[in-house]
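We have chain A already, so just place chains B and C on it with the hints.
Protein chains in written order, with my numbering: chain A, 20 to 311; chain B, 498 to 827; chain C, 4 to 365.
Please keep in mind that the hints were generated in silico from the structure rather than gathered at the bench.
Where hints are given, some of them may not hold.
Stated by the list, open to error - To spell it out: a stretch of chain C is covered by chain A in this simulated footprint if at least three of its residues, at any positions, have a beta carbon under 8 Å from a beta carbon of chain A; those stretches are: (1) 76-85; (2) 90-101; (3) 107-113.
To be verified - Lysine to any residue pairs mimicking SDA-like chemistry, simulated, CA-CA at most 25 Å apart: (4) K633(B) to F90(C); (5) K78(C) to K138(C); (6) K179(C) to Q548(B); (7) K633(B) to Q181(C); (8) K17(C) to V116(A); (9) K110(C) to K138(C); (10) K633(B) to I174(C); (11) K320(C) to G798(B); (12) K17(C) to A118(A).
All values derive from a computational prediction rather than experimental measurement.
Just so you know, even glycine gets a beta-carbon here, dropped at the ideal spot from N, CA and C.
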Amino acid sequence: MQKWADNRAWFLILPVFLVVAFSAIIPLMTVVNYSVQDILGPGMSVFVGSEWYKEVLHNPRLHDALFRQLTFSFCVLAIEIPLGVGVALTLPRKKGVWASTCLVLLALPLLIPWNVVGTIWVMFSRPDIGLAGVTLNEIFHFPYNYTADPLHSWLTVLVMDVWHWTPLIVLLGYAGLQAIPEAYYQAAKIDGASRFAVFRYIQLPKMRGVLLIALLLRFMDSFMIYTEPFVLTGGGPGNSTTFLSQFLTRLAVGQFDVGPAAAFSLIYFLIVLLFCFVFYTTIVNLGKGEAQ
Amino acid sequence: MCCLEGLWLGKPRFCASWPDLTGLPGGGVLMDGKDVTGMSVRQRSVAMVYQQFINYPSLSVYKNIASPLKIAGTAKDEIDRRVQEAARMLHIEHLLDRLPSELSGGQQQRCAIARALVKRVELLLLDEPLVNLDYKLREELREELQQIFERRESIVVYTTTEPTEALMLGGHIIVMHEGRILQHGPTAEVYLNPATTKVAEVFSDPPINFVPAKVENGTVRLGREQVIPQQGRLAGLEPGEYRFGVRSNRLFLGDDGVRTVRFDGPVGLSEINGSETFIHFTYEDVPLVAQEDGVHQRGVGDTVSVYLDPNDFYVFGASGELIVSPARAD
Amino acid sequence: MARIDLNEIAHSYKPNPQGPDDYALKRIHTTWDDGGAYALLGPSGCGKTTMLNIISGLLEPSQGQILYDGKDVSKLPPEKRNIAQVFQFPVLYDTMTVYENLAFPLKNRKVPKDEIHKRVLEIAEILDLSPDLNKKAAGLSADAKQKISLGRGLVRSDVAAILFDEPLTVIDPHLKWQLRRKLKEIHKRFKLTLIYVTHDQVEAMTFADKIVVMYEGELVQIGTPEELFENPEHTFVGYFIGSPGMNLMECTVSGGVARAAGMDIPVSGVGTRRAEEASGKQKVEVGIRPMYLDVREPDAEGLPARIINVEDLGSAKIVTLEFGDTTVKARVPEDKALPAEECKLFFPPEKTKVFIDGRLAK
Numbered sequence: 020m021q022k023w024a025d026n027r028a029w030f031l032i033l034p035v036f037l038v039v040a041f042s043a044i045i046p047l048m049t050v051v052n053y054s055v056q057d058i059l060g061p062g063m064s065v066f067v068g069s070e071w072y073k074e075v076l077h078n079p080r081l082h083d084a085l086f087r088q089l090t091f092s093f094c095v096l097a098i099e100i101p102l103g104v105g106v107a108l109t110l111p112r113k114k115g116v117w118a119s120t121c122l123v124l125l126a127l128p129l130l131i132p133w134n135v136v137g138t139i140w141v142m143f144s145r146p147d148i149g150l151a152g153v154t155l156n157e158i159f160h161f162p163y164n165y166t167a168d169p170l171h172s173w174l175t176v177l178v179m180d181v182w183h184w185t186p187l188i189v190l191l192g193y194a195g196l197q198a199i200p201e202a203y204y205q206a207a208k209i210d211g212a213s214r215f216a217v218f219r220y221i222q223l224p225k226m227r228g229v230l231l232i233a234l235l236l237r238f239m240d241s242f243m244i245y246t247e248p249f250v251l252t253g254g255g256p257g258n259s260t261t262f263l264s265q266f267l268t269r270l271a272v273g274q275f276d277v278g279p280a281a282a283f284s285l286i287y288f289l290i291v292l293l294f295c296f297v298f299y300t301t302i303v304n305l306g307k308g309e310a311q
Numbered sequence: 498m499c500c501l502e503g504l505w506l507g508k509p510r511f512c513a514s515w516p517d518l519t520g521l522p523g524g525g526v527l528m529d530g531k532d533v534t535g536m537s538v539r540q541r542s543v544a545m546v547y548q549q550f551i552n553y554p555s556l557s558v559y560k561n562i563a564s565p566l567k568i569a570g571t572a573k574d575e576i577d578r579r580v581q582e583a584a585r586m587l588h589i590e591h592l593l594d595r596l597p598s599e600l601s602g603g604q605q606q607r608c609a610i611a612r613a614l615v616k617r618v619e620l621l622l623l624d625e626p627l628v629n630l631d632y633k634l635r636e637e638l639r640e641e642l643q644q645i646f647e648r649r650e651s652i653v654v655y656t657t658t659e660p661t662e663a664l665m666l667g668g669h670i671i672v673m674h675e676g677r678i679l680q681h682g683p684t685a686e687v688y689l690n691p692a693t694t695k696v697a698e699v700f701s702d703p704p705i706n707f708v709p710a711k712v713e714n715g716t717v718r719l720g721r722e723q724v725i726p727q728q729g730r731l732a733g734l735e736p737g738e739y740r741f742g743v744r745s746n747r748l749f750l751g752d753d754g755v756r757t758v759r760f761d762g763p764v765g766l767s768e769i770n771g772s773e774t775f776i777h778f779t780y781e782d783v784p785l786v787a788q789e790d791g792v793h794q795r796g797v798g799d800t801v802s803v804y805l806d807p808n809d810f811y812v813f814g815a816s817g818e819l820i821v822s823p824a825r826a827d
Numbered sequence: 004m005a006r007i008d009l010n011e012i013a014h015s016y017k018p019n020p021q022g023p024d025d026y027a028l029k030r031i032h033t034t035w036d037d038g039g040a041y042a043l044l045g046p047s048g049c050g051k052t053t054m055l056n057i058i059s060g061l062l063e064p065s066q067g068q069i070l071y072d073g074k075d076v077s078k079l080p081p082e083k084r085n086i087a088q089v090f091q092f093p094v095l096y097d098t099m100t101v102y103e104n105l106a107f108p109l110k111n112r113k114v115p116k117d118e119i120h121k122r123v124l125e126i127a128e129i130l131d132l133s134p135d136l137n138k139k140a141a142g143l144s145a146d147a148k149q150k151i152s153l154g155r156g157l158v159r160s161d162v163a164a165i166l167f168d169e170p171l172t173v174i175d176p177h178l179k180w181q182l183r184r185k186l187k188e189i190h191k192r193f194k195l196t197l198i199y200v201t202h203d204q205v206e207a208m209t210f211a212d213k214i215v216v217m218y219e220g221e222l223v224q225i226g227t228p229e230e231l232f233e234n235p236e237h238t239f240v241g242y243f244i245g246s247p248g249m250n251l252m253e254c255t256v257s258g259g260v261a262r263a264a265g266m267d268i269p270v271s272g273v274g275t276r277r278a279e280e281a282s283g284k285q286k287v288e289v290g291i292r293p294m295y296l297d298v299r300e301p302d303a304e305g306l307p308a309r310i311i312n313v314e315d316l317g318s319a320k321i322v323t324l325e326f327g328d329t330t331v332k333a334r335v336p337e338d339k340a341l342p343a344e345e346c347k348l349f350f351p352p353e354k355t356k357v358f359i360d361g362r363l364a365k
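So that you can see chain A by itself, here it is in the shape it has in the complex (with noise of 0.2 Å):
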């Protein structure tokens, strides 16, 4: 269809245009800038071409972060969608003082910041005071101690991170669950369909488009993560918690390797950016394969 063209629209997008500009396209410019330079002082510094980015991919505490990442992201989500799923199919399906119930408890994590979650966690799993921590000790005899045990202290983190972000799985669930018209589940009764038949192919079907949203934001932000082991041992002991923002930040704030530090910038910005992609193309296609 042809439109009569009126130009002065374009005024209308500046606005836009200008903010997404400061936002970031500059700060990111300004991040390219670095990685391409070795800054020795103030006002002296050398153009040093791909140099940083050869460093930082070869550098083998990198290796560590980014597998101790990945294996991490992919506990949380491989823990925390079933879970989330589980739970939504559980919550009353007809709306009522139950359900609201139900919602707003389970929302509670939600609310809090992650430095007080980080914080609450401390305390709560402490060997000596937390009431987690106790528990493990003196009823089961379990030698827990986060702030030794590499393995404790990242299955620490985990388990906070299940917590603090399982109910955004439970909500975006029910709410697919929601759309979901009362006609399906009737004609699935009439059709003899059992309880396993229903969830697989009326309401999975049905869930996978608030699915895929859960999915994708579960992965950019626990592939972020920073501010839980921040908290609970500042990535320790060891590097068992040293996630690739912990390791981002020791670098650039830490070190102060600003050239490292913006090449590395970069190169996780492109991995998030891969990962979301890859994701995305490979369930929407899924999706697609099963339309036709």
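This is chains B and C only, laid out in the frame that chain A set:
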């Protein structure tokens, strides 16, 4: 004026291009000789009613109807007077305090129509306003609308796929199909003399019947078997192939002596539409529909015979153009 | 296949219904024959969906029993009742192919594989779905989807009745006709009990052998389309069936004449006596279908009237007439010549009905 179209394609766009909700593909729209093609919807003196019942959900019926006047800055007592008048016209004066969600579908559409009427616009557009209503409501509102439009001075453009609605509203008609204007003129005139087979198809409900015919040696062969003498209005036809059309209400179950053409075949379905029965049957693989007054059920597969006067045939040429149309009794 | 008896069914959505107004369904007692095609017809809110849910087992009636072939099923859930249902919009298993959709109810019932295969192919053939069997159900058009929903009921050899809840709502107008025809064919072939809920009189009258008209939670008449049209037993049936609906005028009856709108309309028939007794005490109305109202020349026999409007519908004309202090409508053939303005109206006595409190006097 009334637009009628067989297919969905094209027509909603046509209607929408009037108030310029979408752009025009070319050409321009003139109102009172003023080119309004580039003018925004607000500036044009236009109101529109849609298929869906569109009202402001958080405003009462009164405020809904008053909204266009408020925007125009009309004085308060004038607004009140005109809202009451429009509400009375559409029989919703007892519902003015309610919210749209508390109304039935028919009442919601009445509210939307009242809002369009209150503005006293130069151009009133209705895009299939009755299509989403129940049968009985459609029947009532159709008649009321006709009376309301008759009393107004504004131009009314009404799009519909129902030939009955178009006939009832009268006036002028534009018959459209797949984005093209097929024919336009006074509604009754177009109904009686459809220029092509396509117009006849679009402007007939139930669908017009077509039978292939061949004129040779002073006879007309209808379908494969039936041969009738070439006389009356058919006398002037050159030998050759034609398509004979006849509307279902000219096919009769009884033979009164003049009706010398007979079609019979097995019944597919009898469709009961209000006070009429449409008998769908096949004659030599040609699907035909006959109309019978009153309500009558027929079993699927029963044989039915219908008769018609050969002078009631529309004759279309091989490329679909009208050659002969029947005389009217009155 | 089954005969369905509704035994003194009543239903209220309130836990402790007080008056009759609390009931969505008021005492319904009727029997539907095995293999019949029934339509439940009524305006929205008349209780037809409640009724359908009671028959399908999605809702347990507050009172009364429902029997399938004499067996009480009131307390049985839908899956134990051997019914199938087609909903207003297509309900499909999106991730399955058409074949899998059709096979699903049989698979759940542990029918042997080769038996499933045979049934699915047979039903797909009847519904013209064979070319699409391996396609995903989600990608098909609305009418094909509705056919699949129907097919899921038909594949089951044990199905007693198929219920339709306004199944043509989402279908394109010009495809509706084909689907109606398909339904008719299926009914003829399988001799199933079909129950079809709709507010559209065209659909109901075209589909059903018998129409059950519901109004305000009551069953006002069961009959063939002809019976409903010719002999409405309730003013609502008179109004709702036919287009335009019946002309109804309040009247008093005495000496074989109904006095309405300041005119004397001769009435006959067995109900006249009762109507005479009821006049003045109850609401008595006289009604006639527009089709039977005869518009005559001013010098002919009949009651005086004046034509105020003529609508030409192409297939017929609707004439609005001023008659006494009211208006009536007549439906005349398209080619009939009409008097200019003043005319006479003739009420054929055998077509003129008298109603007492809404119900036909008899």
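Hint by hint, here is what the structure shows:
Counting residues of the segment 76-85 of chain C whose CB falls under 8 Å from any CB of chain A gives 3; the rule of at least 3 is met. By the rule of at least three residues with a Cβ nearer than 8 Å to a Cβ of chain A, the coverage given for the segment 90-101 of chain C holds, with 8 such residues. Judged by the Cβ-Cβ criterion of 8 Å, the segment 107-113 of chain C is covered by chain A as claimed, because 4 of its residues qualify and three suffice. The straight-line distance between the Cα atoms of K633(B) and F90(C) is roughly 23 Å, inside the 25 Å bound, and the hint therefore holds.
A hinted pair counts as satisfied when its Cα atoms are at most 25 Å apart, and K78(C) with K138(C) does not qualify at roughly 39 Å. The suggested pairing of K179(C) with Q548(B) holds, with an alpha-carbon distance near 19 Å, which does not exceed 25 Å. Distance restraint check for K633(B) and Q181(C): the Cα-Cα separation of roughly 23 Å lies within the 25 Å cut-off, and the hinted pair is therefore satisfied. Proposed proximity of K17(C) and V116(A) is supported: the alpha carbons are some 19 Å apart, at most 25 Å.
A C-alpha spacing of about 19 Å is found between K110(C) and K138(C), which places the hinted pair at or below 25 Å, so the restraint holds. Between K633(B) and I174(C) the alpha-carbon distance is near 20 Å, which keeps this suggested pair within the 25 Å criterion. Of the pairs offered as hints, the one joining K320(C) and G798(B) is violated, with about 31 Å between alpha carbons and a cut-off of 25 Å exceeded. Taking the CA atoms of K17(C) and A118(A), the gap is near 22 Å; set against the 25 Å cutoff, the hint holds.
Checked against the numbered hints given earlier, the structure breaks hints 5 and 11 and satisfies all the rest.
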